[in-house]
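For reference, the chains in residue letters:
2 protein chains.
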Amino acid sequence: MLKRTDPYVPGEQLEGQILKLNTNENPYPPSPSVLNAISNEMKHNLQLYPSPTVEQLREVIARASNTSLKKENVFIGNGSDEVLAFSFMAFFEPGKTIRFPEVTYSFYPVYSKLFNISYEEISLNRDFTIPVERFFQSEGGVIFPNPNAPTSLFLSINKIEEIVQQNQDNVVIIDEAYIDFAQESAVSLLNKYDNLLIIQTTSKSRSLAGLRVGYALGHPDLIEGLTRIKDSFNSYTIDRLAIAGAQAAFEDKDYHQETIEKILKTREWVSIELKQLGFQVLPSQANFLFVSHYSLSAKSLYQALKLENILVRHFNKAPIDNYLRITIGKDNDMMELMKTIAKILIKQV
Amino acid sequence: MLKRTDPYVPGEQLEGQILKLNTNENPYPPSPSVLNAISNEMKHNLQLYPSPTVEQLREVIARASNTSLKKENVFIGNGSDEVLAFSFMAFFEPGKTIRFPEVTYSFYPVYSKLFNISYEEISLNRDFTIPVERFFQSEGGVIFPNPNAPTSLFLSINKIEEIVQQNQDNVVIIDEAYIDFAQESAVSLLNKYDNLLIIQTTSKSRSLAGLRVGYALGHPDLIEGLTRIKDSFNSYTIDRLAIAGAQAAFEDKDYHQETIEKILKTREWVSIELKQLGFQVLPSQANFLFVSHYSLSAKSLYQALKLENILVRHFNKAPIDNYLRITIGKDNDMMELMKTIAKILIKQV
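Chains as they are written, first to last, in the UniProt record's numbering: chain A, 1 to 349; chain B, 1 to 349.
Because the hints were derived from the structure by calculation, they are not lab data.
Computed from a prediction, not measured in an experiment: that's the story for all the values here.
Careful: at least some of the hints might be erroneous.
One copy or any two copies: either way a pair holds, since identical chains are not told apart in the list.
[Stated by the list, open to error] No farther apart than 25 angstroms at their CA atoms in a straight line, the calculated lysine-lysine pairs in the BS3-like style are these:
#1 Lys96 x Lys113
#2 Lys71 x Lys317
#3 Lys113 x Lys306
#4 Lys71 x Lys253
#5 Lys96 x Lys70
#6 Lys330 x Lys113
#7 Lys262 x Lys43
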C-alpha cells in the first residue's frame with residue numbers, strides 16, 4: 001500500500017549541550033522587531049485562517065528585493081523546501097530529463113524520485129566549480145543552488161545568465177538559500193528572462209529557520225504556476241505568526257545587514273585559521289565552510305568532534321567524502337571549534 | 001511549461017467589518033495557555049530549525065486521544081489539508097479508483113487530479129446520508145469526512161467499521177475535522193484495524209486555524225508511510241511556535257471542553273430558530289449548519305446576506321445548490337444573523 005520513496009535525511013538534531021554547526025542555521029536571534037510583531041499578532045484571531053494569498057508579505061518581499069519586482073513576482077511557501085517541492089511539481093515533467101550538479105543539495109534527487117522526474121547529475125569540475133556549458137540545452141530544466149551547497153562556491157551572474165539563455169524553453173531554478181552571504185543575487189536577471197525562478201529563504205540570513213518561510217521570485221506566469229499547485233495542495237501553508245514575523249524581519253534592514261556582516265567577519269578569520277591548521281578551505285560565499293584536512297580524514301574528524309559534543313556535517317559519498325561542511329557560528333563557538341580541532345590534531349600525531 | 005491543475009477554492013476571506021460565518025472557524029480564541037506557550041517559545045531559538053519529528057507534540061496528541069495510542073500512531077502536518085495531500089500521495093495509486101461521496105469536502109477531487117488518481121463520486125441518499133454499502137470493496141481506497149461536510153451529518157461508528165472491514169486491502173481515511181462537535185470519534189476502531197487512518201485538526205474545536213496544525217492517527221505502518229512522503233517533500237513542516245501553541249491547546253482540556261459546549265448550545269438554539277423561520281436544518285454534528293429555505297433560494301439569501309456584510313458559504317453545484325452552510329459563531333453573531341435573515345424574508349414578501 002505504501003509508495004516507494006527515498007526520503008531526504010536532514011542534519012542531525014540532537015538535544016542537550018551540543019555545539020550545532022551542522023545545519024547552517026544563523027547563530028544570532030532574529031531582529032527584536034520580529035518578536036514584537038509575533039506578540040502583537042498572536043493576540044488577534046489565532047482562531048481564524050491566515051491569508052491564503054499572503055499579499056502583504058509578498059509586497060514587503062518584493063520591495064526588499066531592491067528591484068522593480070511586485071507582489072505578482074513573489075510566491076511564498078512553508079520554507080524553501082516546500083517551494084522547491086511545488087516547483088518540481090509545477091515546472092518539471094516526467095519524461096523530460098532535468099539537470100543538476102552531482103554535488104548539490106541532496107533534496108533534488110529526492111524530489112525527482114517522488115515526482116517521477118528523470119534527472120542527470122552533472123559532475124563538477126575538479127575544483128568543485130560548476131561546468132556551465134554542460135547545463136546548456138537541457139531537455140527538461142535545470143536546478144542548482146548559488147552559492148552551491150555543500151561546496152560554498154559562488155557562480156557569477158554572467159554564467160547564470162548564459163545558462164538561462166541556453167534553456168529558453170525550460171525553467172531554470174536558482175536556489176539562493178545562502179545568497180545574502182554572497183556577492184550578488186541573480187534577481188537582476190528577472191526583468192530580462194521569464195524562464196528564471198529564484199528561490200530564497202528566511203531561514204538563513206534572517207534567522208528564522210524556526211518559522212518556515214521560503215519564497216520564489218520570478219515572472220508572474222511562473223508564480224501563477226506555483227500558486228495553482230499550492231492551491232491544489234494546501235490553501236494555507238504559512239501561519240499567522242510566521243507571516244507577521246517574516247514581515248518584520250524584512251522591514252528591519254539594518255539588523256539584517258549587521259547580522260550578515262558579523263557572520264562574514266567570523267567566516268574570514270575562521271577560514272584563515274583553518275588553513276593554518278592544515279585545511280583546504282574552499283572560498284566560501286555562504287554561511288558555512290567546506291573543508292578537507294591534509295592528513296586527518298573527514299570521517300575521523302567528524303566522529304572526534306561529535307565525541308566532544310560538536311556537530312558538523314559529513315556526507316559519506318564520493319567525491320566529497322573527505323570534506324566537512326561547517327556552519328559559521330558566533331566567534332566564541334568557532335574559537336571552541338578551533339581549540340577542539342587543534343586538540344584532536346595533536347592527539348593524532 | 002505549466003501543469004494542468006484544478007485548484008481548490010477556499011471560502012472568501014474579505015477584509016473589514018464582516019461577520020464571517022463561511023469558513024467554519026471557531027468564534028472563540030484559543031486557550032490563554034496557548035498564548036503563554038508561544039510567548040515563551042519565541043524567545044528561544046527561532047533561528048534554529050524545529051524538530052523534524054515533532055515527537056513531543058505527537059506524544060501529547062496520543063495521550064489526549066484517551067486511547068492506547070502512542071506517538072508512533074501520530075503523524076503531524078501543516079494543517080489537515082497537508083495531511084490529506086500526503087495521504088493521497090502515500091496510500092492512493094494512479095490506476096486504482098478510489099471512492100468518496102459526491103457531496104463532500106471539495107478538496108478530494110482536487111487532490112485526485114493533482115496526483116492522477118481516478119475517483120468515483122458516490123451519490124448520497126436523498127436525505128444526504130452516506131450510502132454505506134456503496135463504499136464496500138473499493139478498488140483503491142475510500143475517503144470521507146465524518147461528520148460529512150458540508151452536510152453536517154454524522155455516520156455512526158458501526159457503519160464506519162463496516163466500511164473499514166469491507167476494504168481490508170485498502171486504506172480507509174476518515175476525515176474528522178469536525179469530530180469534537182459530534183457524538184464519537186472512530187479512534188476506538190484503531191486498535192482493531194490497520195487500514196484505517198483518521199485525520200483531525202486543531203483548526204476547529206481548538207481555535208487554531210491561524211497556526212496550521214493537523215494530524216493523522218493510525219497504525220504505525222501508515223504513519224511511517226506518511227512520514228516517508230513528508231521527508232521526501234519538506235523536512236520541517238510545523239514551525240516552533242505552532243508546535244508550542246498546539247501542545248498547550250491539547251493540554252488545556254477544560255478550556256477545550258468549555259468551548260465545545262458553548263458552540264453546541266448555540267447550535268441548538270440557532271437550529272430551532274432557523275426552523276421557525278422556515279428553514280430545513282439538517283441535524284448537525286459539526287460547528288456549522290446546512291440549511292435550505294422553503295421559499296427563498298439559497299443563492300438569493302447568500303447574496304442578500306453578503307450585502308449586509310454577513311458571509312455564509314454557498315456551493316453553486318447540484319444537488320446542494322439550494323443549501324447554505326452557516327458556521328456557528330458566538331451568540332451575538334448568530335442573533336445578528338437571525339435578525340438579518342428575518343429582515344430579508346420580510347422584504348421578500
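We went through each hint and held it up to the structure:
1. Both within a single protomer and between protomers do lysine 96 and lysine 113 lie at most 25 angstroms apart by alpha-carbon distance, with minima of 13 angstroms and 21 angstroms respectively.
2. For the identical chains of this complex, lysine 71 and lysine 317 are neighbours neither inside a copy (41 angstroms) nor across copies (33 angstroms), given an alpha-carbon limit of 25 angstroms.
3. Within a single copy, lysine 113 and lysine 306 get their C-alpha atoms no closer than 32 angstroms, and across copies no closer than 47 angstroms, so neither meets the 25 angstroms cut-off.
4. Taking the shortest alpha-carbon separations for lysine 71 and lysine 253, only the intra-copy value of 19 angstroms comes in at or below 25 angstroms, while the best inter-copy value is 42 angstroms.
5. Proximity of lysine 96 and lysine 70 under a CA criterion of 25 angstroms is satisfied in neither setting, with 31 angstroms inside one chain copy and 43 angstroms between copies.
6. For the identical chains of this complex, lysine 330 and lysine 113 are neighbours neither inside a copy (37 angstroms) nor across copies (48 angstroms), given an alpha-carbon limit of 25 angstroms.
7. In the homo-oligomer, the alpha carbons of lysine 262 and lysine 43 lie at most 25 angstroms apart only across protomers (21 angstroms), although the nearest pairing inside one protomer, at 34 angstroms, exceeds that limit.
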